[in-house]
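The primary structure of each chain is shown beneath.
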Amino acid sequence: AQSVSQHNHHVILSEAASLELGCNYSYGGTVNLFWYVQYPGQHLQLLLKYFSGDPLVKGIKGFEAEFIKSKFSFNLRKPSVQWSDTAEYFCAVKEAGGYQKVTFGTGTKLQVIP
Amino acid sequence: EAGVAQSPRYKIIEKRQSVAFWCNPISGHATLYWYQQILGQGPKLLIQFQNNGVVDDSQLPKDRFSAERLKGVDSTLKIQPAKLEDSAVYLCASSFQNYGYTFGSGTRLTVV
Numbered sequence: 001a002q003s004v005s006q007h008n009h010h011v012i013l014s015e016a017a018s019l020e021l022g023c024n025y026s027y028g029g030t031v032n033l034f035w036y037v038q039y040p041g042q043h044l045q046l047l048l049k050y051f052s053g054d055p056l057v058k059g060i061k062g063f064e065a066e067f068i069k070s071k072f073s074f075n076l077r078k079p080s081v082q083w084s085d086t087a088e089y090f091c092a093v094k095e096a097g098g099y100q101k102v103t104f105g106t107g108t109k110l111q112v113i114p
Numbered sequence: 001e002a003g004v005a006q007s008p009r010y011k012i013i014e015k016r017q018s019v020a021f022w023c024n025p026i027s028g029h030a031t032l033y034w035y036q037q038i039l040g041q042g043p044k045l046l047i048q049f050q051n052n053g054v055v056d057d058s059q060l061p062k063d064r065f066s067a068e069r070l071k072g073v074d075s076t077l078k079i080q081p082a083k084l085e086d087s088a089v090y091l092c093a094s095s096f097q098n099y100g101y102t103f104g105s106g107t108r109l110t111v112v
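Taken in sequence, the protein lines are chains A and B. The working numbering numbers the first residue of the first sequence as 1 and each following residue consecutively. The working numbering numbers the first residue of the second sequence as 1 and each following residue consecutively.
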């Protein structure tokens, strides 16, 4: 079974700082990878996903993530964060193909200080 | 398109009582999921339906939790009897084929 590790539980940044949130997964086969965001008081929303092709994936709101197969990683990045990016971010992984379940990491709380 | 609808938004019950949550997925989404999100943790899959059949319920505590998806559309998740550790947000999600999920707003359950 796959598992997902998010090593940063709580990150505090000033506005305009660059962001990188780590995500590592354990599964030897082909995977689909996701980043979800949960703004305060709101439901989970898909930020971006990787299925195949270019390992650098661009999502909404200026976020991007890079799939590095050799490192089993799918880190989330944003060059310049805004106060409105304050939220909890979840990395998730799914075995490719079929209707396999999606496994979520424990989440990283991002607090952006104006 | 309309999102995934869940009700109620909040529920407070005493331990040993029963509770039921309802979910209406996005029209045309054959796959429906119930997740449990305990405070400070990531969502954990409880059960996955493909149309009205169960695909994965390996992490569903079947002695107290049950779920059904009659007619392959909306779904209910029931807890009977509830325990204090069941306090969590219960998320319903649906997906079309192999794409990312769309989540509902969730039901926040507090067991006292």
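If you're looking for bench data, these hints aren't it; they were derived computationally from the structure. Keep in mind that a hint or two might mislead.
Listed below are several chain B residues computed to face chain A (Cβ distance under 8 Å; list not exhaustive) [to be verified]:
hint, residue
1, 41
2, 42
3, 43
4, 48
5, 56
6, 60
7, 61
8, 65
9, 91
10, 103
11, 104
12, 105
From the three backbone atoms N, C-alpha and C, an ideal C-beta is built for every residue, glycine too.
Consistency of the hints with the structure:
The interface hint given for residue 41 of chain B holds, since its Cβ lies 6 Å from the closest Cβ of chain A, which is under the 8 Å cut-off. Contact between residue 42 of chain B and chain A, as hinted, is supported at the beta carbon level, the nearest pair being about 4 Å apart and thus within 8 Å. For residue 43 of chain B, the suggested interface contact is upheld, since its CB lies about 5 Å from the closest CB of chain A, less than 8 Å. A cut of 8 Å between beta carbons decides the hint on residue 48 of chain B: the least distance to chain A is about 6 Å, and the hint holds.
Taking 8 Å as the C-beta cut-off, the interface hint given for residue 56 of chain B holds, the closest approach to chain A being about 5 Å. With a cut of 8 Å, the hint placing residue 60 of chain B at the interface with chain A is violated, because the nearest CB-to-CB distance is about 12 Å. About 17 Å separates the beta-carbon of residue 61 of chain B from the nearest beta-carbon of chain A, more than 8 Å, and the hint is not met. For the restraint placing residue 65 of chain B at the interface with chain A, the shortest Cβ-Cβ distance is roughly 16 Å, beyond the 8 Å limit, so the hint is violated.
At about 7 Å, the closest approach between the beta carbon of residue 91 of chain B and any beta carbon in chain A falls short of 8 Å, and the interface hint on this residue holds. With a cut of 8 Å, the hint placing residue 103 of chain B at the interface with chain A holds, because the nearest CB-to-CB distance is about 4 Å. With 8 Å as the threshold, the beta carbon of residue 104 of chain B comes within range of chain A, its nearest partner Cβ sitting at about 6 Å, so the hint holds. A hinted interface residue such as residue 105 of chain B counts as satisfied when its beta carbon comes closer than 8 Å to some beta carbon of chain A; here the least separation is about 5 Å, so the hint holds.
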